[in-house]
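K.L.:
Quick mapping for you: the protein sequence lines, in order, are chains A and B.
For the first sequence, this note's numbering gives the first residue as 1, with consecutive numbering after it.
For the second sequence, this note's numbering gives the first residue as 398, with consecutive numbering after it.
If you are wondering where the hints come from, they were derived from the structure by calculation, not from laboratory data.
Hints should not be assumed to be uniformly reliable.
Claimed, not checked - If you only want the chain A side, here are some residues facing chain B, beta carbon under 8 Å, derived:
(1) Ile87
(2) Asp88
(3) Gly184
(4) Asn190
Stated by the list, open to error - Using 30 Å as the maximum straight-line C-alpha spacing, the simulated DSSO-like pairs for lysine-lysine come out as follows:
(5) Lys583(B) <-> Lys601(B)
(6) Lys164(A) <-> Lys540(B)
(7) Lys164(A) <-> Lys552(B)
(8) Lys180(A) <-> Lys162(A)
(9) Lys241(A) <-> Lys552(B)
(10) Lys540(B) <-> Lys180(A)
(11) Lys392(A) <-> Lys552(B)
(12) Lys64(A) <-> Lys19(A)
(13) Lys552(B) <-> Lys540(B)
(14) Lys162(A) <-> Lys540(B)
(15) Lys244(A) <-> Lys552(B)
(16) Lys62(A) <-> Lys346(A)
(17) Lys137(A) <-> Lys110(A)
(18) Lys244(A) <-> Lys540(B)
(19) Lys552(B) <-> Lys180(A)
(20) Lys241(A) <-> Lys540(B)
Backbone N, C-alpha and C fix where the C-beta goes; we use that ideal spot for every residue, glycine too.
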Amino acid sequence: MLTVFSLNACISNSTIKEKDPSQLSWDEILKQATGQTVNFMMWQGDPQINKYINSFVIPAVKEKYGIILETSAGQGNQLVSILMGEIDAAKTNSEIDMCWINGETFYQLKQIDALFGPFVSQIPNAAFINFDNPFIKYDFQTLVNGMECPWGNVQLCLIYNKDKVPVPPKNRLELESFVKQNPGKFTIPNDFAGLTFLKSLLIDIAGGGASLSGAFDEGKYKNYSGQLWQYINRIKPYMWKSGKTFPNSVAPMHQMFSQGELYVTLSNNDGEVDNKVTEGTLPTFARSYVLDAGTIQNSHYLGITKNSNQKAAAMVVINFLVSPEAQIEKQKSSVWGDGTVLDLNKLTAIEKSAFDSLQTRVYGSNRATIQPKALMELAPEYMIRLNDDFRKYVIQQ
Amino acid sequence: MTLENMLFNNKIVNRSGIICFMLLVVLPFAGSLIYAMLYAFGLTGILSIGFTTTHVSGMLQNPEMFFSLGYSFYIAFCSILLALILSLSGVLLFKTTISKSKWSFFPYLPLALPAIVTAFVSLQVFNKTGVLSRVLYQINIIKNLSQFPDIVNDKFGIGIILTHVLMATPFFLIFFSNIYEAENVKALSNVAKSLGALSTKIAKTIVIPILLKKGLNTILLYFIFVFGSYEIPLILGQQSPQMISVLIVRKMQRYNLMDIPQGYFLSIVYSLAVILLLAVFLKSKNQAIS
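Please put together the full structure from these sequences, using the hints given.
P.N.:
Have a look at this one:
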């Protein structure tokens, strides 16, 4: 293991430089991109998402731009590890050209200066992106500043078993009663979705809305996180396995939910329940909603690595991924169910009607219903601290 | 002179072998250890700020590392002990028929499964709503699925141990069966029997000591393999304590990049623990020989 980590930092170096695309016009970028191979590192944990990329995106960019798009599995920390290793080894031609990133990864990649940009303003389809929307404009309280391109927008939701839970808990107090009345049927995953849920509760404890907006505040964190851990530890004995352990991701939670072992699971995508029920992964008794005090809504983005030698081609692929055509396909419940980042008012009437005609949700709350309950992501330090302290004050207690 | 003798008695071949071993095994391992050491003390790495003992002292003051090492040792010890008991019992029961019968391929089947697949199979079989629980429910042994005991993701690592035992037992069964045959244990047992020894005494004083002594190296290597296993404890273990490999990867690949030097330090500790195990083993083996 040690050798693998170390060798990762000693990857050989070779340099074939392309022209800096920030100095090129879009036509020149298109010309430079033709025939190039782009490696896209993405989370490949969902067969539906993989299918969207493999069956729709890859053939389209090949046909339209002559770009060969290859994908590799990896996300967040794996991506950061690889890029750190490459930078440590002074490698100037990265194995990864573009990547799918969320706020915490954006924060880490900025720490190690691994992203190329700003590039978003050069992409023609960026004109359709709704940058007036603060949930898109800011990533974990930081202006994206063209260093990553918004790709999709989702909101955390709770998925419940409607047969067992006719009236789901709508606030913290009701959640506490629900957990106590249904021992062993609720838990929190120790992953990104779980931390997003904890952040939503933290905002609620702090007074809701924008009470924790802005830079990380140590005083506020200590005060409100203390109350959060008291709350979690109060319900912990009634959680799954008496709170002695927690699932390491939402995937086993979904499975236990489907088998009836849990009555509630979480999803970081408000469109997931419809997608997963259609796919057959979640049962038809699954319904989703958000707490009255709100849940965090965030966007996911596409970045280009600083040491990529295929930046122009990566920009062309990203331009396609944020095109109305690709965004409509992606938002279909039967495909992915991922929310769009486009401003529908900027689209043509035909494109707008295509978005409007997408099937409304059957199992999950519609976006219009939950949008007023959307909370902004917090500064990344909140997540780092919650991750450490959840282990310290809850798991290890 | 046979080809074997020519190769083993040839100094050039011997030296080349040592050089190859140094280049392919010792050098990368030593280089990795040095790199990890530099990283742990802040002397290299993209976020390095110069020499510091903060990361090392942080880990040394954190009981999590010691719990993790102890927990890994406990899991490895229980898994190997149970696998040895089962496999030795199997050999005593079936003698050499395991490797000779037409069903002899059955013990090999679990060996063909990757650890991650075995872990998922265990999860499907042994969780509260898994196959076993449903069967027990259907035959009215339990009244509802929640009555099924916690076998996976449990406090005592039963799921991890069980899965390792399922993987290790067939391996040792075949391994000991081959030793049984190669060392002519059956003939020795027959001699003892003809002199009036009881079956239990033969097992205790002849069969088991021979099999364990001849298989000691392999047993230790398997112990180290279980000690450093990753996929099985990741899927079937608890969030705390975690086995050492799971803890290292968590430190290396989580949200706080400042935890990475701690991950490298843990890697050094893990490597030293394995070297220590090997050293103790070699020393006791040498003492036994002398």
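K.L.:
A separate judgement is required for each hint: does it hold in the structure or not?
P.N.:
Here is what the structure says about each hint:
1. Ile87: Hint holds; isoleucine 87(A) Cβ to chain B Cβ min 5 Å, cut 8 Å.
2. Asp88: holds, 6 Å
3. Gly184: Check passed: Cβ of glycine 184(A) comes within 6 Å of chain B, closer than 8 Å.
4. Asn190: Constraint on asparagine 190(A) satisfied, holds at 5 Å.
5. Lys583(B) <-> Lys601(B): holds, 14 Å
6. Lys164(A) <-> Lys540(B): Answer holds: lysine 164(A) to lysine 540(B) is near 18 Å, not above 30 Å.
7. Lys164(A) <-> Lys552(B): Roughly 28 Å between the alpha carbons, so the hint for lysine 164(A) and lysine 552(B) holds.
8. Lys180(A) <-> Lys162(A): holds, 18 Å
9. Lys241(A) <-> Lys552(B): Satisfied, since the Cα-Cα distance of roughly 10 Å is no more than 30 Å.
10. Lys540(B) <-> Lys180(A): holds, 21 Å
11. Lys392(A) <-> Lys552(B): Distance of about 17 Å is within 30 Å: holds.
12. Lys64(A) <-> Lys19(A): Holds: lysine 64(A) and lysine 19(A) sit about 22 Å apart, inside 30 Å.
13. Lys552(B) <-> Lys540(B): Satisfied, since the Cα-Cα distance of roughly 24 Å is no more than 30 Å.
14. Lys162(A) <-> Lys540(B): Holds. Lysine 162(A) to lysine 540(B) sits at ~23 Å (cutoff 30 Å).
15. Lys244(A) <-> Lys552(B): holds, 7 Å
16. Lys62(A) <-> Lys346(A): holds, 27 Å
17. Lys137(A) <-> Lys110(A): Since the Cα atoms of lysine 137(A) and lysine 110(A) sit roughly 17 Å apart, the hinted pair holds (cutoff 30 Å).
18. Lys244(A) <-> Lys540(B): holds, 24 Å
19. Lys552(B) <-> Lys180(A): Within the cut-off at roughly 22 Å; holds.
20. Lys241(A) <-> Lys540(B): holds, 18 Å
Figure legend: structure checked against the earlier numbered hints; every hint is met.
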